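Undergrad: Residue-level listing of the chains:
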Amino acid sequence: MDIVSPCVTFNDHEGSTKSYKYVKDHDEPLQEVSFVPHFEDISVEYDAGSTIEVTMHDGSSLRLRKLEENYDPTNRVEAIHRLNQSHEKGEVLTGVFYVNTKAPSFIDLLNITDHPLATLPESAVRPGREVLDQVMEELR
Amino acid sequence: MATTTTPPPQAPAPKTNRIGLTVMEYKGGKTTLCAGCGHNAISERIIDAMYEMGVRPERVIKMSGIGCSSKSPAYFMNRSHSFNSVHGRMPSVTTGAVLANRNLLALGVSGDGDTASIGVGQFVHIMRRNLPMIYIIEDNGVYGLTKGQFSATADGRHPCRSFILRRQEATSGHAESRYRSQGDGHVGYRLALCHLQRSRRLHEIV
Chain A
1 MDIVSPCVTF NDHEGSTKSY KYVKDHDEPL QEVSFVPHFE DISVEYDAGS
51 TIEVTMHDGS SLRLRKLEEN YDPTNRVEAI HRLNQSHEKG EVLTGVFYVN
101 TKAPSFIDLL NITDHPLATL PESAVRPGRE VLDQVMEELR
Chain B
1 MATTTTPPPQ APAPKTNRIG LTVMEYKGGK TTLCAGCGHN AISERIIDAM
51 YEMGVRPERV IKMSGIGCSS KSPAYFMNRS HSFNSVHGRM PSVTTGAVLA
101 NRNLLALGVS GDGDTASIGV GQFVHIMRRN LPMIYIIEDN GVYGLTKGQF
151 SATADGRHPC RSFILRRQEA TSGHAESRYR SQGDGHVGYR LALCHLQRSR
201 RLHEIV
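Listed in order, the protein sequences are those of chains A and B. Straight run, no breaks: the first sequence in the working numbering ends on number 140. Straight run, no breaks: the second sequence in the working numbering ends on number 206.
I should point out that these hints are in silico values taken from the structure, not numbers from a laboratory. Note that the structure is a prediction, hence the values are computed from the model and not measured. One or more of the hints may lead you astray.
If you want the ones that stay clear, here's a sample from chain B, every Cβ over 10 Å from chain A, calculated [unchecked claim]:
id: 1; residue: Thr5
id: 2; residue: Pro9
id: 3; residue: Ala13
id: 4; residue: Thr31
id: 5; residue: Glu44
id: 6; residue: Ser82
id: 7; residue: Ser117
id: 8; residue: Val124
id: 9; residue: Asp139
id: 10; residue: Gly141
id: 11; residue: Gly144
id: 12; residue: Thr153
Straight line, CA to CA, 30 Å or less: simulated DSSO-like cross-link-like pairs of lysine-lysine [what the hints assert, rightly or not]:
id: 13; chain 1: A; residue 1: Lys66; chain 2: A; residue 2: Lys24
id: 14; chain 1: A; residue 1: Lys24; chain 2: B; residue 2: Lys147
id: 15; chain 1: B; residue 1: Lys71; chain 2: B; residue 2: Lys15
id: 16; chain 1: B; residue 1: Lys27; chain 2: B; residue 2: Lys15
id: 17; chain 1: B; residue 1: Lys147; chain 2: A; residue 2: Lys21
id: 18; chain 1: A; residue 1: Lys21; chain 2: B; residue 2: Lys27
id: 19; chain 1: A; residue 1: Lys102; chain 2: A; residue 2: Lys24
id: 20; chain 1: B; residue 1: Lys30; chain 2: A; residue 2: Lys24
id: 21; chain 1: B; residue 1: Lys71; chain 2: B; residue 2: Lys30
id: 22; chain 1: B; residue 1: Lys30; chain 2: A; residue 2: Lys21
id: 23; chain 1: B; residue 1: Lys71; chain 2: A; residue 2: Lys21
id: 24; chain 1: A; residue 1: Lys24; chain 2: B; residue 2: Lys27
Some chain A residues judged to face chain B by a derived CB distance under 7 Å, without partners named [said to hold, decoys possible]:
id: 25; residue: Met1
id: 26; residue: Val4
id: 27; residue: Phe35
id: 28; residue: Val36
id: 29; residue: Ala79
id: 30; residue: His81
id: 31; residue: Tyr98
id: 32; residue: Thr101
id: 33; residue: Ala103
id: 34; residue: Ile107
id: 35; residue: Ile112
Here a beta-carbon is modelled for each residue, glycine too, at the ideal position from N, C-alpha and C.
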C-alpha cells in the first residue's frame with residue numbers, strides 16, 4: 001500500500017504535491033473499497049454490474065464498486081496506463097489499482113513446511129548419509 | 001436515622017473484539033514524530049484494523065527499515081514481535097522471517113526513501129516473489145529523518161521548502177538574508193542544488 005503521508009515539517013507547504021491540501025484537492029478515487037474477512041458473513045448492497053468481487057487466497061473478499069467507468073483492476077496493462085495518465089494530469093489516484101489472486105505466493109512456490117523451522121527436529125533438517133547417497137545416485 | 005447510600009454506577013466493561021482484547025492492547029509507545037505527521041494517522045489505522053479484525057498481536061511481526069516511517073512500528077502493537085533492520089533491507093529480512101515461520105503475519109512498514117531509493121532493488125524482487133505480507137509505504141516525498149531532502153517519489157513540479165523560505169527572505173528585503181534568490185528554481189537540478197546549498201554552504205559559489 002503506497003500511502004501519501006504528508007510531512008508537516010518538510011513537505012506540507014504551498015506548492016507541494018504531497019501536502020494535505022494538494023491530496024484533498026486532487027484525489028481521484030478509482031473505487032469504493034470494502035473488505036469482507038472470511039470469518040464474517042456481511043451482506044452488502046451494490047448495484048449489479050458495477051461491482052467487482054475479488055476473492056483472496058484466504059477466503060476474504062475485496063468488493064470494489066467502480067467509480068470510474070471501464071476501469072478493470074484485474075487488467076495489468078490498464079493499471080499501468082491509468083497510473084501514467086494520472087501522473088500527467090496531476091491526479092492523486094487512490095484505490096486498488098491492480099489485483100491478481102492467481103499468482104502463487106513465495107511460500108507455496110517453495111513448498112515451505114507449516115512448522116516453524118526452529119521447531120523442526122534434527123532428523124528433519126539434517127538427513128543422514130544414505131539420503132545424500134540416494135540423491136547422488138539419482139543425479140548419475 | 002439510618003441513611004442509605006447509593007452505590008456508584010459501575011463503569012461499563014470495555015469493548016472487546018472477537019478474541020476478547022480491548023483496543024488498548026493493540027497500542028504502542030508514545031510517538032516521537034512531529035505533531036500532525038501523516039505517519040501517526042497510519043499507525044492509528046493499523047491499530048484500528050488489527051483490533052477490528054481480531055488479529056492476535058503475538059502473531060504479528062512488525063518489520064521496518066530506516067526513516068521516520070520505520071520508527072513508527074514502535075508506536076503501535078507493543079505485544080507484537082518487531083525487527084528494525086537496515087536502510088532499504090526490510091524486504092529481505094522479512095523474506096527470511098516469513099520463510100522461517102509461515103504462521104506469522106508480516107507487516108512491513110517502509111518509506112519512500114527506504115523503498116524507492118536505496119531499497120528499490122529489494123522492493124522489485126519482493127513484489128516479484130509475491131511474499132505473503134502487508135507492505136506499507138509511508139510516502140511523503142522527502143527524507144524527513146535527515147531534514148527534508150527530496151526523495152525519489154517527489155515530483156519535479158514543486159519547490160522545496162527551503163527555497164520557499166529563502167524566497168520569502170529575499171522578497172521581504174531582509175538585510176540579514178544569506179541567500180540570493182534563484183528566480184523560479186522549480187525543478188530538478190536546481191532544487192537539488194538549493195538543498196546542497198543549505199547543507200553545504202555553497203551559496204557563495206552560485
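Undergrad: Taking the closest pair, is the beta carbon of Ser82 (chain B) still more than 10 Å from chain A?
TA: 17 Å, holds
Undergrad: Quick one, is the Tyr98 (chain A) hint okay against chain B at 7 Å, beta carbons?
TA: 11 Å, violated
Undergrad: Any Cβ of chain A at or closer than 10 Å to Ser117 (chain B), or is the non-interface label fine?
TA: Holds, since 14 Å exceeds 10 Å.
Undergrad: Using Cβ atoms only, decide whether Phe35 (chain A) comes closer than 7 Å to chain B, and label the hint accordingly.
TA: 9 Å, violated
Undergrad: Holds or violated: Lys24 (chain A) and Lys147 (chain B), Cα atoms, limit 30 Å.
TA: 25 Å, holds
Undergrad: Hold the hint about His81 (chain A) up to the distance rule: shortest CB distance to chain B must be less than 7 Å.
TA: 19 Å, violated
Undergrad: Assess, step by step, whether the Cα of Lys24 (chain A) is no farther than 30 Å from the Cα of Lys27 (chain B), and give holds or violated.
TA: 28 Å, holds
Undergrad: Need the status of pair Lys21 (chain A), Lys27 (chain B): alpha-carbon distance at most 30 Å?
TA: 29 Å, holds
Undergrad: Is the nearest Cβ of chain A still more than 10 Å from the Cβ of Thr153 (chain B)?
TA: 8 Å, violated
Undergrad: With a cut-off of 7 Å, does the beta carbon of Val36 (chain A) approach a beta carbon of chain B closely enough for the hint to hold?
TA: 11 Å, violated
Undergrad: Tell me if the interface restraint on Thr101 (chain A) is satisfied: Cβ within less than 7 Å of some Cβ in chain B.
TA: 11 Å, violated
Undergrad: Tell me if the interface restraint on Ala103 (chain A) is satisfied: Cβ within less than 7 Å of some Cβ in chain B.
TA: 5 Å, holds
When the structure is compared with the earlier hints, violations turn up for hints 9, 10, 11, 12, 19, 27, 28, 29, 30, 31 and 32 and for no others.
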